[in-house]
Amino acid sequence: MSSLGYLAAVNVVIWVGLFLYLWLLDRRISAAERGQ
Amino acid sequence: MNHEPKFPGMRSVEDEKSVDGLRLTAHGPGSIARVWAICAKDATQELRRRIAIVAVFFFAATALALVSFAIGPFGLPEEDRPPLQAALLWIILFFAAATGLPRAFAHEEETGTAFALRKTLPATLVLAGKTLFNWLLFLAIAAVTIPGFLVLLDWRVGSPAAIAVTVLAGGYGLAVVSTFLSALSARSGQRSVLFVLIAFPLLVPLLLTAIAATLEATRGDFPWMPLRVLIAYDGAATGAAYMLAGAAWED
Amino acid sequence: MKFLKLLLLPYLSAVIAAAFLWPEPAEGFLGESSRIVFFHVPCAWTSTLAFLVAAAYSLAYLRRRNPWHDDIAAAAVRIGLLFGVLTLVTGSLFAHIMWGSWWNWDPRESSYLLLVFLYGAYVFLRASIEDPERRARIAAAYALFAAVLMPFLVFVAPRITASLHPQTVINPQGRILMDAPTKTVFFGALFGFSGLFLWLLSLEARLERLSRARRNARPA
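Chains as they are written, first to last, in the working numbering: chain A, 1 to 36; chain B, 1 to 251; chain C, 1 to 220.
Please keep in mind that the hints were generated in silico from the structure rather than gathered at the bench.
Given the structure is predicted, the values throughout are model-derived calculations rather than measurements.
Ideal Cβ positions, reconstructed from N, Cα and C, are used throughout, including at glycine.
Mixed in with the good hints, there may be bad ones.
As the list claims (entries may be wrong) - Derived list of chain C stretches under chain B, where covered just means 3 residues or more per stretch with a C-beta under 8 Å from a C-beta of chain B:
#1 72-86
#2 140-150
What the hints assert, rightly or not - Stretch-level coverage of chain C by chain A, calculated; a stretch enters the list once three of its residues show a Cβ under 8 Å from a Cβ in chain A:
#3 4-12
#4 15-24
#5 201-208
What the hints assert, rightly or not - Cβ pair distances, simulated, as ranges:
#6 C:R134 to B:G158: 46 to 52 Å
#7 B:A143 to C:K183: 53 to 59 Å
#8 B:P160 to C:W105: 28 to 34 Å
#9 C:L9 to B:E109: 15 to 21 Å
#10 B:A143 to C:L207: 35 to 41 Å
#11 B:G246 to C:R214: 29 to 35 Å
#12 C:A213 to B:F200: 31 to 37 Å
Only chain A is shown next, with the shape it has when bound in the complex (with noise of 0.2 Å):
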């Protein structure tokens, strides 16, 4: 595997990790949302 292509294949699994914190705080927010 070249070197670039292992760059971007570390950076999309960081941006998949920020994508799924992103989902779950947007979740997590929304339950708040109703309970007030």
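Starting from the structure of chain A, add chains B and C where the hints point.
Chains B and C only, in chain A's frame:
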């Protein structure tokens, strides 16, 4: 109630009937008189308290003495002088002014006169009066500092008229921006730190253009490009301050 | 809405992969360093967009006095600061590779740093005022005043001295100097970052609104 106003053009809070009348004629005849009244009031207060205003001039003198002592008239090679002198002049002017400028509104809050002022005059006039005072204060600092700078640093100015225009335009922009920001930070606890934080990034473009204009004027050219930028900056700041005066200075 | 958020996952993944693998490195840049353009410029664009959104909602607040507008303005500034810092960091990485030093007071670097200070001061200004109504009003006045003077910082000050910064996007010719694949990925990244910004903005503003509601429910 017959209450004699202390300053022509300004009326006291007790004169309740006139309050609405004043608001109605906010931009009619008499606006200039009232702007001048605010400016005169600030000048009298500052002169009466003396210590603050003396400190400003003392700061300018100290900075000037320090700079001339450190590099003297001949401490620098001939060709390096104009850029350094232009930068040093504005640094001295800016820091001397910065010790006095943020006081515009802070003083009203400290003495509790802010409330009365809010009731009697529209925000734009209060802001205009205080800007005028700050501008005059800056020009007074410049009038003291520049002759000293000419003598102590052997500053050879190619175009004195261009320097005069630059000092007028640069000082005006400095006065508008710092007066407006002084109104914003007046009610805060750590106002002097806050003022530096909010003012510095906004004033950097002004100071850079003023230094560029001073450099060109020192070399004897008329600095059209930097002066145009400076005047555009002054215009933008004036327009924004005028539109936002109410929001900055209501209770 | 939910669909668009979900779409962001494959879309930005594709943009990231393409940024590393598709376009050839640009001429005149060391090694692969030109690829930073796909991340650095969208960050700068996003932070500028955020500050403009903050100015627009500050104006809306001063007109309508709706606290929700203030929540959005405050959130936009914070997210703008995040992307502003990312712009500085990515720019610094590039400077290290191209010019051999992390920071060299290039006019574009300095003016961007001042922009970050400018909006950092907004956060301090907010923190220094207790009363929520006055905090919102003063912050809005400052954000609008800053937005009016921002062009002088971003466009004029860097012109006064010469800059080493590449003029691929902002240049006197007023054109974008890139080949076709580079352009595609570049605009794809701009679009994706803008989408990410909108999502982050809504999350941050809703959090702000929740904490405001919580403060009102339990007065100190």
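Now for the hints, and whether the structure bears them out:
1. 72-86: violated (count 0)
2. 140-150: Held - the segment 140-150 of chain C has 8 residues with a Cβ nearer than 8 Å to chain B, which meets the minimum of three.
3. 4-12: With 4 residues in contact (Cβ-Cβ under 8 Å with chain A), the coverage given for the segment 4-12 of chain C holds.
4. 15-24: holds (count 5)
5. 201-208: holds (count 3)
6. C:R134 to B:G158: 46 to 52 Å: Distance hint for R134 of chain C, G158 of chain B holds at roughly 50 Å.
7. B:A143 to C:K183: 53 to 59 Å: holds (56 Å)
8. B:P160 to C:W105: 28 to 34 Å: holds (32 Å)
9. C:L9 to B:E109: 15 to 21 Å: About 52 Å separates the Cβ atoms of L9 of chain C and E109 of chain B, which means 15 to 21 Å is violated.
10. B:A143 to C:L207: 35 to 41 Å: violated (53 Å)
11. B:G246 to C:R214: 29 to 35 Å: holds (31 Å)
12. C:A213 to B:F200: 31 to 37 Å: Given a distance of about 35 Å, which is inside 31 to 37 Å, the answer is holds.
Hint violations for this structure: numbers 1, 9, 10, all remaining hints satisfied.
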